[in-house]
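Enquirer: In order, the protein sequences belong to chains R and Y. Quick note on numbering: the first sequence equals residues 1 to 688 in this note's numbering. Quick note on numbering: the second sequence equals residues 1 to 552 in this note's numbering.
Everything labelled a hint here was simulated from the structure, so no lab data went into it. Check before you lean on any hint, since a few could be wrong.
Here are the simulated DSS-like cross-link-like pairs (lysine-lysine), alpha carbons at most 30 angstroms apart as the crow flies [to be verified]: (1) Y:K274 / R:K653; (2) R:K509 / Y:K404; (3) Y:K411 / R:K653; (4) R:K653 / Y:K404; (5) Y:K404 / R:K642; (6) R:K212 / R:K642; (7) R:K212 / Y:K411; (8) R:K609 / Y:K438.
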Amino acid sequence: MPSTTPTFRSRVHGGLLDPKMLLTSLPDAARKLDPRVMVRNPVMFVVEVGAVLSTALAIQDPSLFGWSVVVWLWLTVVFANLAEAVAEGRGKAQAATLRRAKTENVARRLRQDGTEESIAGAQLMLGDRVVVDAGEVIPGDGDVVEGVASVDESAITGESAPVIRESGGDRSSVTGGTKVLSDRIVVQITAKPGESFIDRMISLVEGASRQKTPNEIALNILLASLTIVFLMATVTLQPFAIYSGAQQSLIVLVALLVCLIPTTIGALLSAIGIAGMDRLVQHNVLAMSGRAVEAAGDVNTLLLDKTGTITLGNRQAAEFLAVDGVDPEALADAAQLSSLADVTPEGRSIVVLAKTAHGLRERAPGELKTAHFVAFTAQIRMSGVDLDGGRQIRKGAAAAVMTWVRDNGGHPTDEVGAIVDGISTAGGTPLVVAECVNGTAARALGVVHLKDVVKDGMRERFDEMRRMGIRTVMITGDNPLTARDIAEEAGLDDFLAEATPEDKMALIKSEQEGGRLVAMTGDGTNDAPALAQADVGVAMNTGTSAAKEAGNMVDLDSNPTKLIEIVEIGKQLLITRGALTTFSIANDVAKYFAIIPALFAAVYPGLDKLNIMGLSSPDSAILSAVIFNALIIVALVPLSLKGVQYRPVSADKLLRRNLGIYGLGGLIAPFVGIKIIDLLVSLIPGIA
Amino acid sequence: MSDTTAGLLQVGLLIAALAACYRPLGAYMARVYESEHDTRAERVLYRVMGVDSKADQRWPSYARALLAFSAVSVLSLYAFQRLQAHLPMNLGFPGVAPDQAFNTATSFVSNTNWQSYSGESTMGHLVQMSGLAVQNFVSAAVGMAVAVALIRGFVRSRTDRLGNFWVDLVRSSLRILLPISVVGAITLVALGAVQNFSSGTKVSTLAGESQTITGGPVASQEAIKELGTNGGGFYNANSAHPFENPNPFSNLLEIFLLLLIPVCLTYTFGRMVKDKRQGYALLAAMTVLWGAILAGISILEANHPGTALNLAGASMEGKETRFGVAASSLFATSTTGTSTGAVNSFHDSFTALGGGLTIFNMGLGEVAPGGVGSGLYGMLVLAIVTVFVAGLMVGRTPEYLRKKITPREIKLVSLNILIMPVLALAGTGLAMGLPKPKESILNPGPHGLSEVLYAFMSAGNNNGSAFAGLSVNTGFYNTALGLIMLAVRFVPIVLVLALAGSLARQQPVPATAGTLPTHRTLFVGMLVGVIIVVAGLTFFPALALGPLAEGL
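The following block holds chain R by itself, in its conformation from the complex (with noise of 0.2 angstroms):
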């Protein structure tokens, strides 16, 4: 599966169309013929039902004329047929690069007493346990039960860098057919053969499972109600014609027909769909069905964990706060020193900031032999290290760090709870640190400040979210005065603060009460039940099963961030059904100038007047509205398959822009397109 990692800039785009596959979809276009397959396309059916009458008028009454017209007939509907076979063919290359993923393994399967026996990975029934060890491919979907291993997983994401997977936590879900690469686990299935991520994965790729969506059903309705009106006008204008002294042919009126009827949106309509869902895979998000693109399309509030999606996912220290009377390098250095041995991103960037605002060096680990860390528990809320010389520093949250301080003798000052105080209300987090140097009393040296870092550009895309008329809330289980903080710095709409998840979901629900789209990402299995509440739950492949199971998009990279590509994608698919639509009706207009001219002038000269492409005759201009019909529907699968370029625009700018290129243009573009053929068409001797 191709990689395509966005850059975090890029707007969404689809796959370019490899001219390769139009000849290579050709037999799949073929078979598709098949009138029980058309007849589910009702707007192709009629052009269908019209080619196969006007081959046997063609047959009847044969002429140059009447064989042209038959094989471009045919090929309108082929062409709308490769269009689908195209964006068919895109998923089916992907799913059998996971079907190679899917290769018959055997699981080593542990009995109740805990020896292992060998059976079929396809036989694992629900609540097997079995062992992976390194160099082994999971057997099937599952929860790690015990132990912890690296995995490689770029079967199913495409990414080479292994990911840990561990028992219990978020992070517990493995996947069948990705390869255990360290250590060894014991994993619990938790899908039934043939119901794996990866079946479901090769089905929706494969438009197996493609349903359609309200917005396409409804689609497909008012495209049917108007080829019923246009069959409507082509079947009453013989009477008319005959009364008009001018009974016209059959085949030149399938041939109206056909260049009325909204056949280019209906010929590329289900391309858009697959081409749509196609493009979320090439995002490595995992869509359980079209509907919920739609859904993520309309969506109006965005709930966004700040952890990892806003912010980079760690605080950092920003300055250090010494109290009167201590040397800020002294602070800094004892800050260094407890944090020498704590790996945390927090602790990392004390020992980094020590260095850049200090010029401390850092102590290679064998300097300080017989210093004795203090790791972080969640119990003590510390860290420190406990020096040669009986100099001990302890460095963590203020209440904490206060009490050591005064079990070691010391007295407080007011001083530290100003600043941690002052801190917290800019929406920090304070670390206060202390010594002890040889059981006299204890002191609290200052305070590191740390910051929440908000990523970069952050706010540039709520501010196109907001224009998108999309709400964004953040969602922390920080204090509500870090949560107001960071949402100013980064430029929410709202924050939910010291969130639970009943309260996430309570949120859900009231902005439902209130008719509103939710979109959320989640990963843990106490999201699982906002995930299923949302109208878009898209879950981390990092988290737990649990959540896969309730969202209804599953994100291979798990990138929080990319929920608002699925917003445009979602919008994208809309959009392109309706520019194409708009192009479609719009390009009628230039073919009744061709062919009404043309049919009547003999009988009415006057009605050459509408002849404004001065076409050269009446069966080449016919013949050349036929093609120009056919022609565009070719043309327009590449934009079919990439969709219409999005922007984050207001709507009413969305709709000036569209409406310029798609509906004017389609006024124009086929006069143009028309004409040229026309020229063409009108060398051929017997035509012109």
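Got chain R; can you put chain Y on it based on the hints?
Expert: Chain Y in isolation, oriented as in the chain R frame:
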């Protein structure tokens, strides 16, 4: 004063008068439909009818009540005509033939008022007044009721109740149509229209022959004929007859009356949906279409291609000298744009292209500004189609007035826009394809096609005006047109009520920056474009072989 100056002055006066009434009448109508209070007369009426005026109906029962009422209307009007010989004040006329009685009954109940008879020589006073004139009121009220039910569909949420048909019917008739038509009738009398119970005055003509001139309750019927966009004239000559429409002032008053309610209902709509801009937007679309057709017809009529007619000033054939070309064009535009069908000149005699424009105007679906009630709901249906395509183009599930346009709404709307073109074209096709109906055509060539097309467009849009030049009192035309009038009136009504029911059930979607604004110029422009393109594409072939073939 030149004809053009007079015409511009009349258009100016007309627009000023409509503008003056727009808000007061629009707001008054909104209050009528929103009011909880019944007047004493209404309470008596409800008791007699056995109606609980406080009972809110679901859309199916609303539709059932409407259909039952209309069915009874058709039957009683049919009986009235058939039994005319035995009724008082029949002026000696016999009962009406079955096919013509059916045609007339369906025509008046469907607010079409297509007349295959000449009033003064077929219908006595009783049938005219208690049969036809009553239908002029209630068929218009039915249209208004449907429009109001659809508005409620947008306004209400999470309910299946659309209001009470009987209440909407009674209030439309008693509180809106009746008072305005009384004032209108009195004004018409003041302007010289006839109002009496005369059974005919014998006069000697200049040629020395004797002629009976029928009088009657003309002014009262004339007022509601225009106000309710009915159009069925007391006399065959309709509003060209001096007793119906004596002078340019009465002419202007009649145009004013036929535009009044359709125009003002857009304000009622804006007020009821609590966003007046939405009403203004619909009015703007209606005005653009009306203005464009008016300009087209006026220019075409003023520049007749015939040399003799040009020398004579313009194409005065078929037009009354007391109105002139401009006022006739204004009347023609307004009557074909409102499904009224009254005429003060004969569209058959218009220039080929001018006459073609009157056909095209009906082909737009009677939405500029359309019939009472039906114009508004017709326009709303087209607005939904436009919103659907436009909404897709901005990348959201389309929504209009905060309600989503789902497959269900599109299904109802698509069927709705399908019926008129299919039936109008099928009817015309049948008439042109069968040998017998073609014999009714009085003019050969493309003009003959225009005449038949006009008849079916008129019936297919519940307009009721006739092109003339076609003998329509035949079994085929009476039956075919009668069936079409019924179908194009009541099938869309049921669909619109279902649409209202479906919208009312929805929960409103909040408006955001991503919501397509439906009150701006861009949307109005697109709405106008959709209406013109869809109608143009549907009727272009037929128009090409009729008016275009003749005029180009």
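Enquirer: Evaluate each hint against the coordinates.
Expert: Here is what the structure says about each hint:
For the hint pairing Y:K274 with R:K653, the CA-to-CA distance comes to about 25 angstroms; that is within 30 angstroms, so the pair holds. For the given pair, R:K509 sits about 19 angstroms from Y:K404 by alpha-carbon distance, which is consistent with the 30 angstroms threshold. With a C-alpha separation of about 29 angstroms, the suggested pair Y:K411 and R:K653 falls inside the 30 angstroms cut-off, and the hint holds. At most 30 angstroms may separate the alpha-carbon atoms for a hinted pair to count; R:K653 and Y:K404 meet this at roughly 21 angstroms.
Restraint check: the Cα-Cα separation between Y:K404 and R:K642 comes to about 27 angstroms, which is no more than 30 angstroms; the hinted pair holds. Distance restraint check for R:K212 and R:K642: the Cα-Cα separation of roughly 19 angstroms lies within the 30 angstroms cut-off, and the hinted pair is therefore satisfied. Between R:K212 and Y:K411 the CA atoms are separated by roughly 15 angstroms; this keeps the pair inside 30 angstroms, and the hint holds. For the proposed pair R:K609 and Y:K438, the alpha carbon gap of about 28 angstroms is at most 30 angstroms, so the pair holds.
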